[in-house]
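Same order as they appear, the protein sequences are chains E and B.
Counting in the numbering used here, the first sequence runs from 1 upward without gaps.
Counting in the numbering used here, the second sequence runs from 1001 upward without gaps.
Watch out, some of these pointers could steer you wrong.
[Said to hold, decoys possible] With a Cα cut of at most 27 angstroms, we get these calculated DSS-like pairs of lysine-lysine: (1) E:LYS314 - B:LYS1112; (2) B:LYS1111 - E:LYS314; (3) B:LYS1033 - E:LYS66; (4) E:LYS136 - E:LYS66; (5) B:LYS1033 - E:LYS62; (6) E:LYS136 - B:LYS1038; (7) E:LYS136 - B:LYS1033; (8) E:LYS66 - B:LYS1038; (9) B:LYS1112 - E:LYS62.
[Stated by the list, open to error] Simulated coverage check for chain E against chain B, where a stretch passes if three residues somewhere in it have a Cβ under 8 angstroms from a Cβ of chain B: (10) 58-71; (11) 81-91; (12) 125-131; (13) 264-273; (14) 305-319.
Calculated from the structure, these hints are not laboratory results.
C-beta atoms are modelled at their ideal positions from N, C-alpha and C, and glycine is treated no differently.
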Amino acid sequence: MAELTEFIWIMAKIVAILVPLILAVAYLTYAERRVIGAIQARNGPNRVGPMGLFQPFADVFKLLFKEVVIPSNANRFLFLIAPMLSLMPALAAWAVMPFSDGLVLSDINAGLLYILAMTSLGVYGVIIAGWASNSKYAMLGAMRSAAQIVSYEIAMGFALVGVLMAAGSMNLSGIVNAQAGPIWNWFWLPLLPLFVVYWISGVAETNRAPFDVAEGESEIVAGFHVEYSGTAFALFFLAEYANMILIAALAVIMFMGGWYSPFHGLPVLGPMFDWVPGIVWFVLKMTIFLYLYLAFRATFPRYRYDQIMRLGWKVLIPVTVVWLVVLALMILAGLGPWFN
Amino acid sequence: MLENYLPILLFIIVGLGVGVVLLAAGFILGPRKPSEEKLSPYECGFEAFEDSRMRFDVRYYLVAILFIIFDLEIAFLFPWAIVLDEIGLFGFASMGVFLAILLIGFLYEWKKGALEWE
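Modelling step: build the complete structure from the supplied sequences, incorporating the hints.
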């Protein structure tokens, strides 16, 4: 009996994470179109419901009632398994995310390792989709996408090693707690180069503009998911946006002090904002990063593929390696960037 | 300790479940009118004239190999980074030797032009 209630309790928590997450994905697509619309001096979707607020639901229903086309010479099994393989890790990574102090589904010690493992799994969905579609554009897109994700994962991994050195913990709550304090105590300042590298590789990892050659509408139509339609396409879409939100959430946890208020611990301002729950700060900071994603897409031209690879291998990786050595020397010399 | 991983396992299963349910909903709710043209692979308006699983550039392979080496390196760095202040100078020196060997290989790749894409 105790096991059953425990099980139901866990399931309730999972639903309590997944439903807001999927809603966030829906409204991120809406926000994307509105923000880019505003940047380009046009309206964006504004017809479905007040200010177009029901647009995401209209899109979902449209996708649900579309035919799922499976090309005749595609590998049926792999073709159907690929979208699930790319969605599963994008959702499952949220299991260890601390939204506020103690507000976490599973507070494991190897939290960061688990997140890295899950984000790495995403590349299988991409490459299997490209292979199974048996279409040239899909194949080209998958090759590009896989090589790009894999290259930037190294830079990202190195940047996160720097965070581990500074925090001395792989537990995500531990990393946030190591940054307890006002805004200049958070890791973005002492680890500024790593923070920049992390964010650039985060954008590249999710195949977003300006690193979206893998989808490159104007050259290889949509890359690895050209052959997908209806809900199969919706799964890829969901995975991409869930991954964007995940990268933004990780940026907040690693470099932006997680659930701490920017005035935490200050004499007068600190207590003034004590009543604001941690999750509000967490979501606010996440929103800033998500806005950056959208602003990048509206303002930056697309990188060429050779430029992307050069940036990843010849700029970001050397920068992070050098900075890791500097950081290690600082730790050994006892002048660390941590504050407690 | 291990019971902390049960919610994660359940989360992974639920994550897969969301995918299965959505895909199934698409098959149930969507129409199903296959035709030869619709089921052919997308190609800008003409018939596909060769196998799409073509040969690809060897550099993709090189990137994959490099990735494996560097990713292993990162996996080594993780535990090292956490306990660095305890293992002190000896730990730093041993990782330094390891990193140096890796960097020599990386520089060799670089000079050989394995990282050039043009």
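#### Entry: Hint numbers contradicted by this structure
Violated hints: 9, 12 and 13; rest satisfied.
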